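Colleague: These protein sequence lines are chains A and B, in that order. Here the first sequence stands for residues 1 to 248, where the numbers follow the numbering used here. Here the second sequence stands for residues 1 to 374, where the numbers follow the numbering used here.
I should point out that these hints are in silico values taken from the structure, not numbers from a laboratory. A portion of the hints provided could be inaccurate.
Reference listing, derived: stretches of chain A covered by chain B, where coverage requires no fewer than 3 residues with Cβ under 8 Å from a Cβ of chain B [claimed, not checked]:
id, stretch
1, 46-56
2, 203-215
Negatives, chain A to chain B, calculated, CB over 10 Å [what the hints assert, rightly or not]:
id, residue
3, Arg8
4, Ala82
5, Thr100
6, Leu101
7, Glu108
8, Gly133
9, Asp176
10, Asn225
All values reported here derive from a predicted model rather than from experimental measurement. Think of the CB as a built atom: it goes at the ideal place given N, C-alpha and C, for glycine as much as any other residue.
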Amino acid sequence: MPSAIAVRQLIKKYDEGASGTLALRGVDLDAHPGEMLLLMGPSGSGKTTLLSIMGCILTATSGSVRVAGREVVGLSEKQLPALRLEHIGFVFQGFNLFPTLTAGENVELMLDLKGVSAAKAKKRAHELLEQVGLSEKYGSFPSDLSGGQKQRVAIARALAGDPGIILADEPTAALDSHTGRNVMEMMTDLAHKRGRAVVIVTHDSRVVDFADRIVRIEDGAIAGNNEGELVPPGPLAQTLPQATMGLV
Amino acid sequence: MPPLAQRNLFHDKVRLAVTLTGIVFSVVLIVVQLGLFLGFTTATSNLIDHSGADLWITSKNVPYVEQGVAFSERKLNQVRAVPGIGDAQKLIARWTQWKRHDGGQDSVQIVGINVDSPMERPWNLVQGSVEDLKSPDAVILDELYKQKLGVTSVGEVFEIGGHRARVVGFTRGIRSFTTSPYVFTTFKNAQNYAGLREDQTMFILVKLAPGANLDQVRGDLLANVRDVEVFKTSEFSRMTTFYWMFTTGAGVAVLIAAVLGLVVGFVVVAQTIYATTVDHIREYGTLKAMGAPNGYVYKVIMKQAAIAAIIGYGLGMIVSVFVVHGSQKGGAAILMPPSMAVGMFFLTLLMCVGAALVSINKVTRIDPAMVFKG
Chain A
1 MPSAIAVRQL IKKYDEGASG TLALRGVDLD AHPGEMLLLM GPSGSGKTTL
51 LSIMGCILTA TSGSVRVAGR EVVGLSEKQL PALRLEHIGF VFQGFNLFPT
101 LTAGENVELM LDLKGVSAAK AKKRAHELLE QVGLSEKYGS FPSDLSGGQK
151 QRVAIARALA GDPGIILADE PTAALDSHTG RNVMEMMTDL AHKRGRAVVI
201 VTHDSRVVDF ADRIVRIEDG AIAGNNEGEL VPPGPLAQTL PQATMGLV
Chain B
1 MPPLAQRNLF HDKVRLAVTL TGIVFSVVLI VVQLGLFLGF TTATSNLIDH
51 SGADLWITSK NVPYVEQGVA FSERKLNQVR AVPGIGDAQK LIARWTQWKR
101 HDGGQDSVQI VGINVDSPME RPWNLVQGSV EDLKSPDAVI LDELYKQKLG
151 VTSVGEVFEI GGHRARVVGF TRGIRSFTTS PYVFTTFKNA QNYAGLREDQ
201 TMFILVKLAP GANLDQVRGD LLANVRDVEV FKTSEFSRMT TFYWMFTTGA
251 GVAVLIAAVL GLVVGFVVVA QTIYATTVDH IREYGTLKAM GAPNGYVYKV
301 IMKQAAIAAI IGYGLGMIVS VFVVHGSQKG GAAILMPPSM AVGMFFLTLL
351 MCVGAALVSI NKVTRIDPAM VFKG
């Protein structure tokens, strides 16, 4: 199966201090369509840097990054946003919703970026919010939503661009265990039922049971690349059922 | 596009109030400072600009209107003999003393005119008429200076230069740049008030005959009338303005204040708009992460700045109109001609958009990883 994202010999060096900081040291990684991939590791290990480069937000010092088969390294500042817009959806730990826009308008904004007309965007935003169970919250501002609802709006927004890749940074960190589980179920559905490549950076051991594969990163290098056995499932994951919310 | 710019601006009412206050403050500050400068500049040459003359004839080496030197009025005949002259009239403009009822004295600038001539007549009369000056010892002054000169109503009698003067009318808005108000009277009275001899004048005003060439007539006057200077009205106006505004230093202070007003106004607007943009920096980072091209983000920021500019300008102009209106009754006029109001709109827009450009620079350099920080 072709990789949605393929990273080869990736090196990222930050020019801080006299000698600089080597954040990634020759990482090789693939994320496949329909796969739920967790990136785990201690703080400062390079997980977020790797996610940023996979998301075409940060440029690599050297190596190769192919997104949807296209080489990203060397693309211009103008080409990268277009690539993100076409292929990648983001879900953030802090939700990063626009507080001055309603839930529906947050989703519409993504559609506007894609060039969808206002009328169609409104209709599609309604559909997407309905899919995440928030159709009644279309006109609510983020400040009126719970953490879980905000994250579901963020997922709806990420889906609005119809991307093949979903990159999520600690999507459950700000949520209670029950809400976190719901969000993970949704993400799992995105991978398994809709064929998205879902890559999640997390510290949350409760979510490991949702993973098809767990990649552990330490000191900027991959320390383990296994299908779930590296990290034992958390107690929540053992007791809760798998994906229950349907995303079609 | 979802109304991100509008919402960013209007969502936080306190921030909106701060933003608009900053812009309104800047608009009013700039209008007041530029208006004061314009008011002072206009006041320096008021008498010349409203003379209706084409040429001013003075004695030699007169740098500005208040520094006129008396010369023989026989030159009037020489002037009238030059081809191309439509009308030529004597004029006196000289400082003298006004004696109030309480015995105190104030300096005034007496303006002696030919009441039957259309040149240098008092304008904006709110009480009395120019014809009233034909009555004995009649004078007209501006209502702005009533209190200063101790005048309460038409008909009151005072002394000017030791001679009787009776107030027959009032004008509105004829300001003097100096502290000495203009007092209009007949040429004959002015000779007495200013202590001139009967055969002396200080200026001759010339109106060209229809079709006459200004430069040609001016040259002929210089060739045929000895010991005088002949200035175009605009030229004499500029000389007088330049003298008061720059040679005395008074205008430099006003000019510096006007420039400072511009600078302070711009800084306040820049700071305000910058803060408004930076308040939403994380959202712009998210927009970029989502794949928005820089142009899309810039459009949001510029639109936000433009909306703030338009509202701030509108509110600022409302305040400014009140300030300008209020100043008309004071000693220092703040002028705001329509061209200045229009210019101010574009200046406000420029300041806000310029400040937005500065903040865009900040947005351009957003650390991409910021979107991944909780």
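Colleague: Determine for every hint whether it applies to the structure shown.
Modeller: Now for the hints, and whether the structure bears them out:
1. A stretch counts as covered by a chain when three or more of its residues have a beta carbon under 8 Å from one of that chain; for the stretch 46-56 of chain A and chain B the count is 5, and the coverage holds.
2. Counting residues of the stretch 203-215 of chain A whose C-beta lies closer than 8 Å to any C-beta of chain B gives 0; at least three are required, and the coverage claim is violated.
3. Non-interface status of A:Arg8 relative to chain B is upheld: no Cβ of that chain comes within 10 Å, the nearest being about 21 Å off.
4. The beta carbon of A:Ala82 sits about 7 Å from the closest Cβ of chain B, which is not more than 10 Å, so the claim that it is off the interface is violated.
5. Not every CB of chain B lies more than 10 Å from the CB of A:Thr100, the least distance being 4 Å, so the non-interface label is violated.
6. Here A:Leu101 does not stay apart from chain B, with its beta-carbon only about 6 Å from theirs, under the 10 Å limit.
7. A Cβ of chain B approaches the Cβ of A:Glu108 within 10 Å, the least distance being about 5 Å, so the stated non-interface status is violated.
8. In this structure A:Gly133 is separated from chain B by more than 10 Å, as the shortest Cβ-Cβ distance comes to about 22 Å.
9. The Cβ of A:Asp176 lies farther than 10 Å from every Cβ of chain B, with a closest approach of about 15 Å, so its non-interface assignment holds.
10. For A:Asn225, the shortest C-beta to C-beta distance to chain B comes to about 22 Å, beyond the 10 Å cut-off, and the non-interface label holds.
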